[in-house]
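2 protein chains.
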Amino acid sequence: MEQAELRQLIQEVVKKYLDALYVPVGVSNRHIHVTREDLDILYGKGYELKKMKDLKQPGEFAAEETLEVKTPKGSFKKVRILGPLRKATQVELSLSDGFTLGVAIPIRESGKIENSGSVTLVGPKGEVTLPVGAIAAHRHIHMPPEVAEKYGLKNGDLVDVEKEGSRGLTFKDVLLRVSDKYALEMHLDLDEANAGNIRSGDLLKVIKH
Amino acid sequence: MEQAELRQLIQEVVKKYLDALYVPVGVSNRHIHVTREDLDILYGKGYELKKMKDLKQPGEFAAEETLEVKTPKGSFKKVRILGPLRKATQVELSLSDGFTLGVAIPIRESGKIENSGSVTLVGPKGEVTLPVGAIAAHRHIHMPPEVAEKYGLKNGDLVDVEKEGSRGLTFKDVLLRVSDKYALEMHLDLDEANAGNIRSGDLLKVIKH
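For the record, the sequence lines run as chains A and B.
Following the UniProt record's numbering, the residues of the first sequence are numbered contiguously, the last one being 209.
Following the UniProt record's numbering, the residues of the second sequence are numbered contiguously, the last one being 209.
Derived by calculation from the structure, the hints in this document are not laboratory data.
Any given hint might turn out to be false.
Identical copies carry no separate label here, and so any pair may be met within one copy or between two of them.
[Claimed, not checked] Derived lysine to aspartate or glutamate pairs resembling EDC-like cross-links, with alpha carbons at most 20 angstroms apart:
1) 205 - 162
2) 208 - 164
3) 205 - 160
4) 205 - 173
5) 78 - 54
6) 56 - 146
7) 70 - 40
8) 208 - 162
Just chain A, same shape as in the assembly (with noise of 0.2 angstroms):
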């Protein structure tokens, strides 16, 4: 091979590891996102969250407020609230926690509640039980639109997601949500960040399908 052409495969290759694109991970634990109407039920008429800490997604926050979520098998206590409200209440956990429950969940992107899972919400003024609601969440990327832009990716492509090292792994068919509302972050739940040894901050590598 010629020096010249060994120096554009080099190039070639470099410029492909400085070009991957890198996300860093949160790992969502359990949560509830609520409407007005049933945290006025939950916590009483008019209660406004209160804020422990922001989340990465701008305007998110988690709540010093929690419940316990039921069923007739089983209890999570203090189970926390994320805010703001919302339109829908919504029940996020993970498949083992289905199990637990003895309630099946389907796996959903955010908001698309019908046929979900149901469970009961108690708080310190009352309790909800909801018809639907308790989803494990599919796993996603918030992307700002600049990002991707720069990587040729937009609102609703797939990718995939690898994890190297200590069980490390390929998640496949990742959804991409677009928004200028949000951060670059990808969710998992604790069971998919436990089966690739994952914490929250890690960096996992995007692949173009």
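Use these hints to put chain B onto chain A, whose structure you have.
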């Protein structure tokens, strides 16, 4: 493309699928292997395990007997003992279980327990605090020699294993354990199974490195 050429291409593609190696999955919940000495303390001198059901690996069985696994931070009751007795007591947990118990458990091959997690086992007749012994099992495939030979694989090889469909993923660097004592089976823990929406008996595809 000429007909002969097309025929050959189709044959190659079909052959690839016919030749693919698929392994059935066995999902392991947390469980315990015990020594004669520890069983003497936990269930009484000379106690014999009662077989509840045979496992897929020849000679291995789930016993009727269970133990509590506890630490200062948490506990799991009714964790099943798997027989037969072994030369070292070993507690196989998921990383999620490790968080619940507040104990750091390394990802290890079965039997490699040096510097692994410390937990206390509680039986009806006594309890044993293990200085080491709690691990998360390194994912692996049990394979009889005739299967390994057919696919050009050998004991100690690492392969990738692919799960298609919902929550599809590829497990990288899965350890191959080849022995004429083994039935073909891939072992995953609950974290790994749930991350891929995988159940016992599902068939996953092996990809050689």
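Any hints this thing doesn't respect? Which numbers, in order? Of the numbered hints given earlier, the structure breaks none, since each of them holds.
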